[in-house]
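Participant: Spelled out from the first residue to the last, the chains are:
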Amino acid sequence: MKKRISPLVVTGVVLVTLFAVLCLLPLIYMVAVSFTDSETLYIRFKDLRPSLYNYWYAIVKRDFGTALKNSVITVVGSCLLVDIASAMAAYGFEKKPVPGKEALFQGYLATMMIPGQVILIPMFVMFNRAGLTNTYAALILPMVGAFGIFLMRQFMVAVPNELLEAAEIDGCGEMRRFITIVLPLVQPALITLTIFTFNAAWNNFLWPLIINTRSEMRVLPVTMSTLASNSTTNYGMVMAGATLTFLFPFILYIFLQKQFVEGIALGGVKG
Amino acid sequence: MSIATAKKPRWSPRRRRQAVIGAAYIAPSFILMAIFNVIPIFLSIYFSFTKYNMASPPVWIGLENYAKLFNNRVLTESLSNTVRYVLITVPVQTVLSLLIAAFIAEHLKNRYGSLMRSVIFIPVIVSLIASATVWNIMYQPKGGLINQFLNALGFDSVNFLGKKASALPSVAVVAIWKNTGYYMVIYYAGVMNVPSDVREAAIVDGATAIQRFWYITLPILKPITYMIVTLGIIGSFQVFDLVYKMTGGGPGRSTYTVAYVIYTFAFQDKNYGYASAVAICLLIVILFIHLIQTLFFKEKDA
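If you read the sequences in order, they're chains W and F. The letter at position 161 of the first sequence is residue 161 when you use the working numbering, and the numbering goes up by one with no holes. The letter at position 198 of the second sequence is residue 198 when you use the working numbering, and the numbering goes up by one with no holes.
Here chain F stands alone, though its shape is the one from the complex (with noise of 0.2 Å):
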């Protein structure tokens, strides 16, 4: 395509005609995300620098913002928080939705499998914010489904979001009941893709099915686990709804997380200008994580 165009040497007529009708088709989205991506990361930037309220005025104050975020106990806190929940979550559901895409392409190639995929996929729908609520009731200490299942077991209630321990990993528990089957359904699609003859070559050779996993299926699937490792850490990183919705940041301030942290100091403390330099810096790591994820895809392919 690109070759057949750079060899016209001069622009015709009709092919700058075409160039403006071409503009003219790209031009409504252009003008969309121009204001509502583009322009807002510029403002972003600049009101980083600033005191604002919005009441009154943007006030210039250079970097004070930011050389007040690294003695900020809430935002080192919730910083930690947010790794900590990376941590759990990535892992977990990349883990998960590998093995079961893996089994269910290896030995589960019918109706029964795809039933089972279509099940597991269903979470994936669920907005954030009724997955919460469902499993908040879940979680009741008086009642809630999973302490009458304790309680019949014989065990005593567990208080898991009123916990400093448990709050953040039984919000992490959500996050991955819902990630899972997103994932399982791209792993999936990669490991139909391993050709059918590497694989039956290597049955003809004896391999057991933990090694065709091993030493087949997992290596091919290498740069889909890249990206959805790096898809899993920028959305576990940037947990908001479902940290709002089941603890709101407690108890204490055991489940603040960045996002979260963002919002209360934006909307609840009106503290523009030093939310935005919160947000400029998730800014900065999240490009920080995908620049990581290029390098790797690079060495890897080459």
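Pulled out of the complex, with its shape left as it was, chain W reads as follows (with noise of 0.2 Å):
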């Protein structure tokens, strides 16, 4: 349809635009002064330094390459779990007879409501007593949720079951009835539970900051705040650390950004 370009278009494309600029300028600052001489803040182009020096020092004089070992693990760890768990429960919940399972399953939505905070002390303390501190299960084990399960079981719903029932018939046992024909077809929920786990198992912070307390098993936003409260003067290193933060999540967002709205759009929609 051809209409008329209001002025009042006009100044909502302009200050829409401002806004999307006003969410890029910390990111384009944060990198920019990621590659300036570690000691300015004020940004001159004779302090622009294409180098990465500032990358080299974080990574290896400041315990960012353990910290990036450490969450690689934890979100490849996090990802397969969270994937494999809560893909079995949906299964379960969905094509299965299984008696009062429709209460354990609001059982599970109700978790969602509780708030990380309150169930941190006794987890802090059981983590204790299980000699749990400083592993990679720590971080990882905590992560399987409600969120994921409603979210596969959304996808499960389409999974015929004439399908399966045709491949039983056909002699094809329980276990590759679930691999072969069920997980294939809720392959578009596992990207976006993939992602959802990458960006929380990635982010995470108050627990792996209890948790895992020795330096050598930080993971990056736990060594990010620690750098940066020990040097605040080194913004061009800490500013190297905080992109590296964001490096792979941005890289993620950018080859499956379909995915990432999808995702939230159908877990908001939730109620």
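Heads up, some of the hints might be wrong.
[Stated by the list, open to error] Quick look at which bits of chain F chain W covers, simulated, 3 or more residues with Cβ under 8 Å: (1) 13–19; (2) 35–49; (3) 71–77; (4) 155–168; (5) 211–223.
[Claimed, not checked] Straight-line C-alpha distance at most 30 Å; calculated BS3-like pairs for lysine-lysine: (6) F:Lys109 with F:Lys270; (7) F:Lys142 with F:Lys109; (8) F:Lys51 with F:Lys68; (9) F:Lys109 with W:Lys258; (10) W:Lys69 with W:Lys258; (11) W:Lys61 with F:Lys142; (12) F:Lys270 with F:Lys68; (13) F:Lys222 with W:Lys258; (14) F:Lys164 with F:Lys68.
[Unchecked claim] Pairwise CB distance ranges, derived in the manner of DEER restraints: (15) F:Ala24 with W:Asn161: 51 to 59 Å; (16) F:Phe296 with W:Val10: 49 to 57 Å; (17) F:Lys163 with W:Thr11: 53 to 61 Å; (18) F:Leu295 with W:Lys69: 46 to 54 Å; (19) F:Tyr215 with W:Leu52: 49 to 57 Å; (20) W:Trp56 with F:Tyr215: 40 to 48 Å; (21) F:Leu115 with W:Pro99: 50 to 58 Å.
Read the hints as simulated data drawn from the structure, not as lab findings. Cβ atoms here follow ideal geometry from the backbone N, Cα and C, with glycine treated the same way.
Assembling the complex is the task here: the two chains are given apart, and the hints tell you how they should meet.
Facilitator: The following block contains the structure:
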């Protein structure tokens, strides 16, 4: 439909553009400062140093390499565990005649209302008692939650029962049906869930801060927070660390933008 | 689904087998969630009635922790800070995300609009700690980007995070920067669900863009708005990472929030029982907010 461009629309476009620029500005600043001489805050062009010195310094000299490794291990472990446990649970809830399953599912959903701070102290005590502080298990095991199972179940509904029955008649075993028929059919949901888990595990801060206190077991946000306070004037290096922390989710976002957004819309409209 | 299963009178061996297999599929998540979600709540309730520092076993002291909540200055101040923080972040991020989503859906349904949506979403994926670090440097009184800008316009530098009056709003700005894109995505999905014939009919009837927004889009988005406000309140009520990294609760106690206070009571003062009592109060508040939202939903749906 062709219509006259009103001044209201022009103003709107300008304001939206301005807001988008404001959204990007801190990140552009972050990257720019990460390429300047460390001790400066006034970005002048002569300070801009197109070298990776700050990155090298952060990774090699200031534990960012270790933190990067820990974060990657935690994220990969979390995504695998959450994907598998959630897909299995969703399949059981949706496709199997388990008595009392709907009540249990409601119970699962209820846990989504519990704020993290409420379970923090008992979790800390439990993991200390179990001797699981400063382990990857401490970071990975608590990642399984109701959201993932809820998300998977939404997609599990669309898996046709006839297909599963036909496969059963053909002599396809239970495990094989799940792996070769169900999982490929819910693949889009698995990708969405992986994105969510990736971000949750990558950005997790409070729990890793209290449970993994040894420096060789710290993840990126924790190292980031200790770094920035220990050397408040080395802005270039701090910004290099922040850029590194941002880079991985950003790459994921660029490639999987559609799934990011669909996942949020879907998770958000759950009510 | 439930109708079909309910009609089967007895459990055939096949069905029983299927039930066992189903339970096996649910078991891993059940065990993990029981250990890491359910048991901790009951432990938390138990700890809240005890004096506990982890060095020695918890000592039952009844309601003493709860009695001590009400005349604790730190706690009342942090509660009022948290409420102020919620009152800044939630209205701003809700209105911004609604206006942007509605505008893009109405006037920018093209590649430029989708570029704008992509860009506005980017802060959502930045970790809170990285965001806090970057904004801390931007807020620096000497040479930070914002003060450079103010100086260039001829204003004096402002110590945003160092002044009691400006510290909390400055933290709130970062939250708004980070959250708006998230809620915009939810709103946008909602606007796109508005039946196109309704909007077209309004256009034919000569309704202006503002009238269409006010009388059609806004009422249809009401359930989503309830949800976004609820999510926003709950999220802001639990603010921790930003405060921890940006101000450490200061200056003075001007940015102490409830979540931050729980952290300091527990992990700095080693007063796990008392911190648990605060946490249980937080849980009650959050459940109450959920309850209000559910009641509103029911009423509006009926």
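Participant: Work down the list of hints and note, for each, if the structure agrees.
Facilitator: Taking the hints in turn, this is what the structure says about them:
1. 13–19: holds (count 3)
2. 35–49: holds (count 10)
3. 71–77: violated (count 0)
4. 155–168: Coverage by chain W is violated for the stretch 155–168 of chain F (0 residues, Cβ < 8 Å).
5. 211–223: violated (count 1)
6. F:Lys109 with F:Lys270: violated (55 Å)
7. F:Lys142 with F:Lys109: Between F:Lys142 and F:Lys109 the Cα gap is close to 43 Å, so the pair fails against 30 Å, i.e. violated.
8. F:Lys51 with F:Lys68: holds (12 Å)
9. F:Lys109 with W:Lys258: Since the Cα atoms of F:Lys109 and W:Lys258 sit roughly 16 Å apart, the hinted pair holds (cutoff 30 Å).
10. W:Lys69 with W:Lys258: Judged against 30 Å, a Cα distance of about 28 Å means the pair holds.
11. W:Lys61 with F:Lys142: holds (27 Å)
12. F:Lys270 with F:Lys68: holds (16 Å)
13. F:Lys222 with W:Lys258: Since the Cα atoms of F:Lys222 and W:Lys258 sit roughly 25 Å apart, the hinted pair holds (cutoff 30 Å).
14. F:Lys164 with F:Lys68: Roughly 27 Å separates the two Cα atoms, so the pair holds.
15. F:Ala24 with W:Asn161: 51 to 59 Å: With a Cβ separation near 19 Å, F:Ala24 and W:Asn161 fall outside 51 to 59 Å, so the hint is violated.
16. F:Phe296 with W:Val10: 49 to 57 Å: violated (37 Å)
17. F:Lys163 with W:Thr11: 53 to 61 Å: Cβ of F:Lys163 to Cβ of W:Thr11: about 34 Å, so the range 53 to 61 Å is violated.
18. F:Leu295 with W:Lys69: 46 to 54 Å: holds (48 Å)
19. F:Tyr215 with W:Leu52: 49 to 57 Å: At 56 Å between Cβs, range holds.
20. W:Trp56 with F:Tyr215: 40 to 48 Å: Taking Cβ atoms as reference, W:Trp56 and F:Tyr215 lie about 59 Å apart, which means the hint is violated.
21. F:Leu115 with W:Pro99: 50 to 58 Å: holds (51 Å)
Hints 3, 4, 5, 6, 7, 15, 16, 17, 20 from the earlier list are contradicted by this structure; the remaining hints agree with it.
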